[in-house]
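So the chains spell out like this:
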Amino acid sequence: MKPSLSTRRNFLQLAGGVAAAGALPVVTVRPAEATPAMLASAIRNVVGEAPVRPGKVKIDIPPLVENGNTVPMTINVTSAMTDSDYVKSIHVFNEKNPQPNIGNFYLGPRAGRAQIATRIRLADTQKIVAIAHLSDGSFWSASVDVIVTLAACTEEVN
Amino acid sequence: MASTLINVQPKAKRGDVIEIKALTSHIMETGFRRTAAGDLVPRNIITTFTCRYNGTEIFRADLFPAIAANPFISFFTVATESGKFDFEWTGDLGFTQTASAKIIVE
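Sequences listed follow chains H and P, in order.
Position 127 of the first sequence, counted from 1, bears residue number 127 in the numbering used here, the numbering being contiguous throughout.
Position 11 of the second sequence, counted from 1, bears residue number 11 in the numbering used here, the numbering being contiguous throughout.
Please note that a few of the clues may not be correct.
Heads up, incomplete: computed chain H residues facing chain P, CB under 7 Å, no partners named [to be verified]:
hint, residue
1, G103
2, N104
3, Y106
4, A111
5, G112
6, I116
7, T125
8, K127
In silico BS3-like links for lysine-lysine, alpha-carbon gap of 25 Å or less [said to hold, decoys possible]:
hint, chain 1, residue 1, chain 2, residue 2
9, P, K84, P, K21
10, P, K102, P, K11
11, H, K56, P, K21
12, P, K21, H, K58
13, P, K84, P, K13
14, H, K88, H, K127
15, H, K88, P, K84
16, H, K88, P, K21
17, P, K11, P, K84
18, H, K127, H, K58
19, P, K84, P, K102
20, H, K56, H, K127
No lab work stands behind these hints: they were computed from the structure.
Ideal Cβ placement from N, Cα and C applies to all residues, glycine included.
So that you can see chain H by itself, here it is in the shape it has in the complex (with noise of 0.2 Å):
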């Protein structure tokens, strides 16, 4: 066998394989919403690595939305709101949107209650996370989930 062959050959194979790859349209993949693994990193970069649990948290906002361009939503969180004990921030995520982020809220002592509202956009029905991080560095969780029938965010302008 002729190394010079088997040079050339392997070189128009190469050469084939580029300009194939070259006529391919050139797709730049971009995530078209937040994936669960975003969702979790976004929530990673507010507790870190501490523990979140389960509880003390609620979230008020319709199960089946009509439009997504704009929810009402109001978060609960059960605290005492004392010097000693309050509730530090109100952090709120979702599933689907482009970004996992919705709003961080902060409060203090002199909130006197631990309650929020706002008007939220969701881009498709998804699961919505609030977490509040307490005074004593505990951090405390609500998920729930929303049915959306128009969904906001990705539309086109009119």
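With chain H fixed as given, assemble chain P onto it according to the hints.
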């Protein structure tokens, strides 16, 4: 200039827990939408909202594109003294907006 809507009760008893509602008009463009031509519309959102009670910060929020247009936020505080609430919204493209509300605490 964007317009704002603040809802704080004008009078309260000392120690009362009062609700504060704040809304400002803003498109909250997500940065994920495309025009019919396929161009991505750049993000333009409010990123931070703060409320100060006589100069002391009592509430702050980081907002993301998942907050609906014309962001509405409601929260609570203990009425400690008469004075003023100062609200501030800041966001993309140098957006800033302020508002204030007075309260009399008896």
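Tested hints:
Restraint check, G103 (chain H) versus chain P: the minimum CB separation of about 6 Å is within 7 Å; hint holds. For N104 (chain H), the interface hint holds, since its Cβ comes within 7 Å of a Cβ in chain P; the closest pair sits about 4 Å apart. Because the closest C-beta pair between Y106 (chain H) and chain P is about 4 Å apart, less than 7 Å, the hint holds. Among the interface hints, the one on A111 (chain H) holds; its C-beta lies about 5 Å from the nearest C-beta in chain P, closer than the 7 Å criterion.
Among the interface hints, the one on G112 (chain H) holds; its C-beta lies about 4 Å from the nearest C-beta in chain P, closer than the 7 Å criterion. A hinted interface residue such as I116 (chain H) counts as satisfied when its beta carbon comes closer than 7 Å to some beta carbon of chain P; here the least separation is about 5 Å, so the hint holds. For T125 (chain H), the interface hint is violated, the least distance from its beta-carbon to any beta-carbon of chain P being 15 Å, above 7 Å. Annotation: interface hint on K127 (chain H) violated; nearest CB of chain P at approximately 13 Å, more than 7 Å.
Annotation: proposed proximity of K84 (chain P) to K21 (chain P) holds, straight-line Cα distance about 15 Å (limit 25 Å). The hinted pair formed by K102 (chain P) and K11 (chain P) meets the criterion: a straight-line CA distance of about 9 Å does not exceed 25 Å. Distance restraint check for K56 (chain H) and K21 (chain P): the Cα-Cα separation of roughly 24 Å lies within the 25 Å cut-off, and the hinted pair is therefore satisfied. Distance restraint check for K21 (chain P) and K58 (chain H): the Cα-Cα separation of roughly 20 Å lies within the 25 Å cut-off, and the hinted pair is therefore satisfied.
For the hint linking K84 (chain P) to K13 (chain P), the alpha-carbon distance of about 15 Å falls within 25 Å, and the restraint holds. Only pairs whose Cα atoms come within 25 Å are accepted, and K88 (chain H) paired with K127 (chain H) is accepted, the gap being roughly 23 Å. Our distance criterion of 25 Å between C-alpha atoms is met by K88 (chain H) and K84 (chain P), whose separation comes to about 23 Å. Simply put, K88 (chain H) and K21 (chain P) have alpha-carbon atoms about 20 Å apart, close enough for the 25 Å limit, and the pair holds.
As the CA atoms of K11 (chain P) and K84 (chain P) are separated by approximately 12 Å, the hinted pair is consistent with the 25 Å bound. A C-alpha spacing of about 14 Å is found between K127 (chain H) and K58 (chain H), which places the hinted pair at or below 25 Å, so the restraint holds. Restraint check: the Cα-Cα separation between K84 (chain P) and K102 (chain P) comes to about 4 Å, which is no more than 25 Å; the hinted pair holds. As the CA atoms of K56 (chain H) and K127 (chain H) are separated by approximately 18 Å, the hinted pair is consistent with the 25 Å bound.
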